[in-house]
Amino acid sequence: MNINNFISDLAFIKPELVISATLVIIVLFDLIFSSKKKLLPYISLIGIVVAGYFVINQFGTAVTTFKTSLKYGMVVVDNFSSYFKIVVLLASFIVVIFSMLSSEVNSNEERHGEYYTLLFGMILGMFLMSSASDLILIYLSIELLSLSSYVLAGFVKNTIRNSEASLKYVIYGGVSSGIMLFGISLVYGLTGSTNLYEINTLIQVQNFPYITFLIAGLFILVGFGFKISAAPFHFWTPDVYEGAPIPITAYLSVASKAAGFAVLIRFIKITFVGSTDSSGYWILLNIIDWKSIIVLLSILTMTLGNFAALWQDNLKRMLAYSSIAHAGYMLLGLAVMSNAGINAIMVYFIVYALMNLGAFFVVMVISNKIGSENIDDYRGLGRRMPFLGIIFAIFLVSLVGLPPTAGFIAKVMLFIALIDARMVAVAVIALLNTVVSLYYYIRVLKNMYLVDVEKEKPIIPIKLANGIVMILLAAPILIFGIYFSPIIDFAKNSITILGF
Amino acid sequence: MIHAGLTHFLVISVALFSLGIYGVITRKNAVMVLMGIELILNSANINFIAFARFGNFGLQGQIIALFIIVLAAAEAAIALAIVLNIYKNLSNINVDEMDSLKD
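Protein chains in written order, with our numbering: chain A, 1 to 500; chain B, 1001 to 1103.
No lab work stands behind these hints: they were computed from the structure. In this text, all values refer to a predicted model and were calculated from it rather than measured experimentally. We put the beta carbon where it would ideally sit given N, CA and C, even for glycine. Hints are not guaranteed to be accurate.
Only some residues are given here: those of chain A computed to face chain B with a beta carbon under 10 angstroms [stated by the list, open to error]: (1) Thr68; (2) Glu109; (3) Arg111; (4) Ser146; (5) Leu167; (6) Tyr169; (7) Pro476.
The calculated lysine-lysine pairs, modelled on DSBU-like cross-linking and capped at a C-alpha distance of 35 angstroms, are [to be verified]: (8) A:Lys463 with A:Lys157; (9) A:Lys37 with B:Lys1088; (10) A:Lys291 with B:Lys1102; (11) A:Lys157 with A:Lys38.
Throw the hints in and build the complete structure from the sequences for me.
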């Protein structure tokens, strides 16, 4: 490797460099100005905005850098990765604001330095995940994300719920990433390379030992399945989401899932797709039947997520199962194995980020006020917090996927992609699942508005800052529900994955 | 004298991998569970080095192994810190007794 190449390659990872620099600044600021911890979230916000500027600047480039061979490198910068970086940054921006308003996080003010440091560790991991085109970088970036999130899940150290969540997370995470690493080692043994592009050419030879490769591929899928919390690798999700502080739960459910999907899509697209036909359908290499595997996985994931959510009384736990179900819907977009399917996933992610963060934010505000996340304590809250009740209704209706919200547009895009690909049976299953999901989302609203309304209780006021954040999250959901062409066009421009 | 070939190394690594999974599933003590995870990581490590040595793939496999050793250490440090924190809260580290979060 040439040192001059290395320096010119650095120009392509400016967003990652900004994130790393902000991380270092936060650590130093925390050490030097230890009495001014209130400023840390603002430094984080500035770092996120600057990184966002560089990501948008990169839009349109398609290069492979940090070359490990003559043609291909470890990092790919293309519109696809930039899109997911924007989703991650959007979620990070909102989550930093959440953290400023969260009583759980604010109760540990002396440890805010490590909180924001670890948050930036997660962002860096997710950035590298959405750009990685080498199995080793994929593994390292997933670990970088995981190690930071294990600690953040247990941020409030003295509560048993938090500690238990982080221990469960570290055990499930350690095992699944270990299995994934074993799969990677098998792929390395079979092909002699860890670069996805090289593996793609190397597996197209005659007499390739495809059964061993199938096992290796399934092992690697365990690692991705863990990150996107797809069944049967979802066991950690409800416990960790319930136990972790709410801003971190919201962050895990949106950003970490987005990065997991980005890396999974890139892995399958680059490694196993031979070519793309004229209407945008991928022609898979005849090695692993990913289409059937993903369809099975997604049906299992959404059915399990939706049915388990029916019995949940804790709102965070219910939203955890709902996020599993949403991962199932999004996997369907990948199962289509076409550009239209990927487009649907990308639109879904922007909408999902807004509505899921919004729902968690409302749960957080209510939990700050009444100290509970139990659905029974939500009785009559619609009357006591009228504004908050309406906003929560918007988020929940959008999560179901009913018009006029953006959640409807996201689901419609997905169903159109499925029906165009003649996967009608799968589309029907997804539709039935949506009907099931209606029950548990609306149950919350029923409890807020229709139960216990006769008892007069005082109105609980909410802070102005909370109200503004809620409006900023809910307004785009209503606007995109009617005026949706900009995000669809944006996603359409972003499906370029380098190489094909 | 028998020379150890690729198969010998692969058998050892698969045995370690299986022992690791077995340990994670059966052990109750959180530290023992973490040791199971270490076994899984190291079995992959053996694979990488054996493939690099016998497959003539160059040095890449050995460099990857170095990365994994560092990562395993980082993961062990974080996991042990979390276990220590659990011990402070619950005065034991039995994973079966951690059931405050469940359906």
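Cross-check of the supplied hints:
1. Thr68: holds (8 angstroms)
2. Glu109: violated (19 angstroms)
3. Arg111: violated (13 angstroms)
4. Ser146: Ser146 (chain A) check passes; min Cβ-Cβ to chain B is 8 angstroms, inside 10 angstroms.
5. Leu167: With a minimum Cβ separation of about 5 angstroms from chain B (threshold 10 angstroms), the hint on Leu167 (chain A) holds.
6. Tyr169: Because about 9 angstroms separates Tyr169 (chain A) from the closest Cβ in chain B, which is inside the 10 angstroms limit, the hint holds.
7. Pro476: It is violated, given that the least Cβ distance between Pro476 (chain A) and chain B is near 33 angstroms, above 10 angstroms.
8. A:Lys463 with A:Lys157: Holds: Lys463 (chain A) and Lys157 (chain A) sit about 27 angstroms apart, inside 35 angstroms.
9. A:Lys37 with B:Lys1088: holds (27 angstroms)
10. A:Lys291 with B:Lys1102: Between Lys291 (chain A) and Lys1102 (chain B) the Cα gap is close to 33 angstroms, so the pair holds against 35 angstroms.
11. A:Lys157 with A:Lys38: The hint holds at about 21 angstroms.
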